[in-house]
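Take the given structure of chain Z and dock chain A with the ligands to it, following the hints.
In order, the protein sequence lines correspond to chains Z and A.
Heads up: take any position in the first sequence, counting from 1, add 957, and you land on the numbering used here.
Heads up: take any position in the second sequence, counting from 1, add 85, and you land on the numbering used here.
Do not take every clue at face value.
Partial pick of chain Z residues on the chain A-facing surface, computed with a CB cut under 7 Å [unchecked claim]: (1) P1036; (2) N1037; (3) S1047; (4) A1049; (5) H1053; (6) T1055; (7) G1063; (8) M1066; (9) Q1067; (10) Y1257; (11) F1258.
Between beta-carbon pairs, the in silico distance windows are [to be verified]: (12) S1096/Z - L274/A: 13 to 23 Å; (13) G176/A - V980/Z: 24 to 34 Å; (14) S1096/Z - Q217/A: 54 to 64 Å; (15) A1091/Z - S304/A: 54 to 64 Å; (16) S304/A - S1096/Z: 45 to 55 Å; (17) H1053/Z - L343/A: 18 to 28 Å; (18) V980/Z - L274/A: 48 to 58 Å; (19) L343/A - E1073/Z: 36 to 46 Å; (20) L341/A - A1091/Z: 38 to 48 Å; (21) H1053/Z - A218/A: 42 to 52 Å.
To give a feel for the contact side, a few chain A residues facing chain Z, derived at Cβ under 10 Å [claimed, not checked]: (22) T204; (23) D251; (24) S253; (25) A258; (26) C259; (27) L261; (28) Y262; (29) A263; (30) P265; (31) L276; (32) A278.
For the record, the hints were derived by calculation from the structure and aren't laboratory data.
We put the CB at the ideal spot given by N, CA and C, even for glycine.
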Amino acid sequence: MTQKVAITAQNVVKAFGQGAAAVRALDDVSVDIATGEFFTLLGPSGCGKTTLLRLIAGFEMPTAGKILIDGADVTEMPPNRRPVNTVFQSYALFPHLTVAENIGFGLKMQGRPKAEVAATTTEMLALVKLDAMADRKISQLSGGQQQRVALARALAPRPKVLLLDEPLSALDLKLRKKMQVELKRLQTETGITFVFVTHDQEEALTMSDRIAVMSAGKIQQIGAPREIYTRPVNRFVASFVGETNFLPVTATPQGARLSTGDVIAAEGEGSVLIVRPEQLRLGPAGVGAGLAAKVTGVVYFGTDIHVNLSLADGTALTARVPSPVDGGADFATGQDVAVTFQPGAARLIRE
Amino acid sequence: MAERSFEVSRLPGFATVAIAVFVLLYLPILTLVVFSFNSGPSIAVWQGWSLHWYTDAWNNEAVKGATIRSLIIATAASAVATSVATMAALGTTRRAAFGGQTFIYVVINQPLMVPEIVTAVALLILFGVVKQATGYQGLGYLILAHAAFCTPFAYLPIRARLEGMDLSLETAACDLYANPWQTFRHVTLPLLAPGIAAGAMLAFVISLDDVVITEFVKSGGQDTLPTYMLGQMRRAITPEVNAISTALLGLTVVLLTLFFILTRKKN
Ligand SMILES: Nc1ncnc2c1ncn2[C@@H]1O[C@H](COP(=O)(O)OP(=O)(O)OP(=O)(O)O)[C@@H](O)[C@H]1O
Ligand SMILES: [Mg+2]
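Next up, chain A with everything else stripped away, as it sits in the complex:
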């Protein structure tokens, strides 16, 4: 029989489209990276190699402040998000199915479905009220907001890992005199660790990258790297932005590589 299963790669023009997509995806990034090394002040006219935009960015107090703020928020938010996600994943997989499970699933993943701008406005209004009432102006609002939208990203790899884990191991621990806490500490947690680390990393990257919610929620002087860059774009654009982006890209690539190593299926 000459009939074959449908293979998308055999469609006419497939190669052209594929190449076009790759160029579209990676050419801008390549340009960005290349021009971060431009010695001149333009992001479009090449004037020779230099690292001075990196040193400029490094010595720029505003950039330094934004970087530190970004890292604090991403660390704190991913820690909160990962803890919440771990508990949620345990609660939704390590027990008999219960009524309302789908509902809980939807609640946890709500940030993935509701448009970000809606969440941003909602948080702006809510935090406005809280700021009025308490007078607190710190980074707490940003950390909470980031933790909220990072939770589903942390939840997914943890849940995937848990679902692949044999419940009989926990049963065996319980049979061998481990109380529920010991079972969690000595069996569930060590086996779940790669999932938790992967979730934390994904949450960290997502937090690091956020613009919309941060832009709405931040108070004056609370710029993160992305919102700082956005601010810069409104004025003159220099390759300094390229340099910061390239550094951010590097960090993201490292974290995502770790993420894929951690979630890789062993066979």
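Excised from the complex, chain Z in its bound form:
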């Protein structure tokens, strides 16, 4: 089955500045975002997330490449004619208008009848639970309330696609968690395609249908959260999304040979073996299989314990094991242990 595509970026390049001083904010980016999808752009600061959003919204023109919305080429179309709305990182709410006027702004500009503007505004106020605040000025709202006005304002004209640029980054942790749930609920209820920008990998993993991991103007990998986490394609993705142990290996017919000489069966191909800390098992030294390792440190995290290990040749490794029920220590620094990998946990990746 082929899903309908809401947004397509075709070989998009965006360079700022001229000649040698030019910055390539986006470097040959291609992506298809499906209709109704919660799609997340994840990457470190400066990797080009905002730039890609601005190109989709129409605030910037690509240096090369095309942007399509619902299959139509909109590369040259001004932002006010694109069926796309943005929730800005700074909210950009109109300070001279009330909450209700802010929410109704888009519909009013579209020239919708007054009654429709009023009805939709009321509906949106209810959707974001701000009914009581309709006539307030923006300056009289808290950060979380402003965030919801920004959301309602962008949703009111029922855009085909909603672009959200780190909309939660200004909120405190608790409110942030709450808004994550709200956002997900709104997306499911409205069925609108969401393109969500964040540099928080946990936020990306919990909310998205699919994630594009970006770095230095390029998309490194696109996939569902589980796919990104379990099968990262390169070192950047593996280290940016979650924690990972990296072990240099050489490929042999039997499997991947570690620097210690041990051979491990691993899927994928490349010269680096990755394994997530929670997929390591620690057993008593000398009993059965496993890599010989020495505990170099133990860090208590509440839900689990991070055990820092050193293999025979000095390679460092971290294991994450469940906390003992009584809170006591399972491992002591200097202890010898045998490290085994969960079946299928080890993967080979390219550098």
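For chain A with the ligands alone, kept in the frame of chain Z given last:
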């Protein structure tokens, strides 16, 4: 450490100088105001309270004419200057920096830098040619001349306001289906309004006050209040001039107070 930052108020004699400056600034104005209420015909010898110089001025047809002319010119000139200044400010802040921006800045602010007398002579010559060619003798010349030198005064507060305004609001409007005109009408203009009003007020006051350029450009019978007063000074000076000055001062104080309220930073 005993070292402190430099504080000018700690210099010896600071208080004396400060008081002297205040006296110098405000004593003449105070004298002017007081003698406008003098019952006698002298501006130096006090002869008791009276309001008759005000009623004299009010009933003086020449004063009335000059006042009306001053107000017409100031209103028209500040309207033109404010419109031009608004467009100039939008053009110089609401877009990417472009080559020649400094040049445009200098052109707009030229009246602040070129000696007024030079502008006055230049306008006199130019308008002389135009008068010859068209035969038009009206107030248009004065309005144009005033608009020209009022523009930088209107431009500065508008530009300051625009620079403090977040460009992302206009971006948001555009994102919400507003075309460029709607964006200007519904977002830029309402947010800019205090700056525009402040600019207009400053331009109005500057126009109202002008002597040099008006003196050169006006045709016969086109006296404004300041040039009328200047004319009076050449003959006998009576407290009537004081009365007119005091009224003008009152109007200026009101307008400038409004200006400061409008440009006050909210925090
Ligand atoms: N208008 C501009 N002029 C010049 N360079 C720009 C401009 N906008 C963005 N850049 C550059 O493009 C690169 C990508 O910027 P972008 O804002 O897209 O990053 P981002 O991924 O959104 O980062 P953050 O997480 O910090 O918001 C950066 O190196 C930035 O300096
Ligand atoms: Mg950004």
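Inset, instruction - List in ascending order the numbers of the hints, as given earlier, that are violated by the structure. - result: 6, 10, 11, 18, 22
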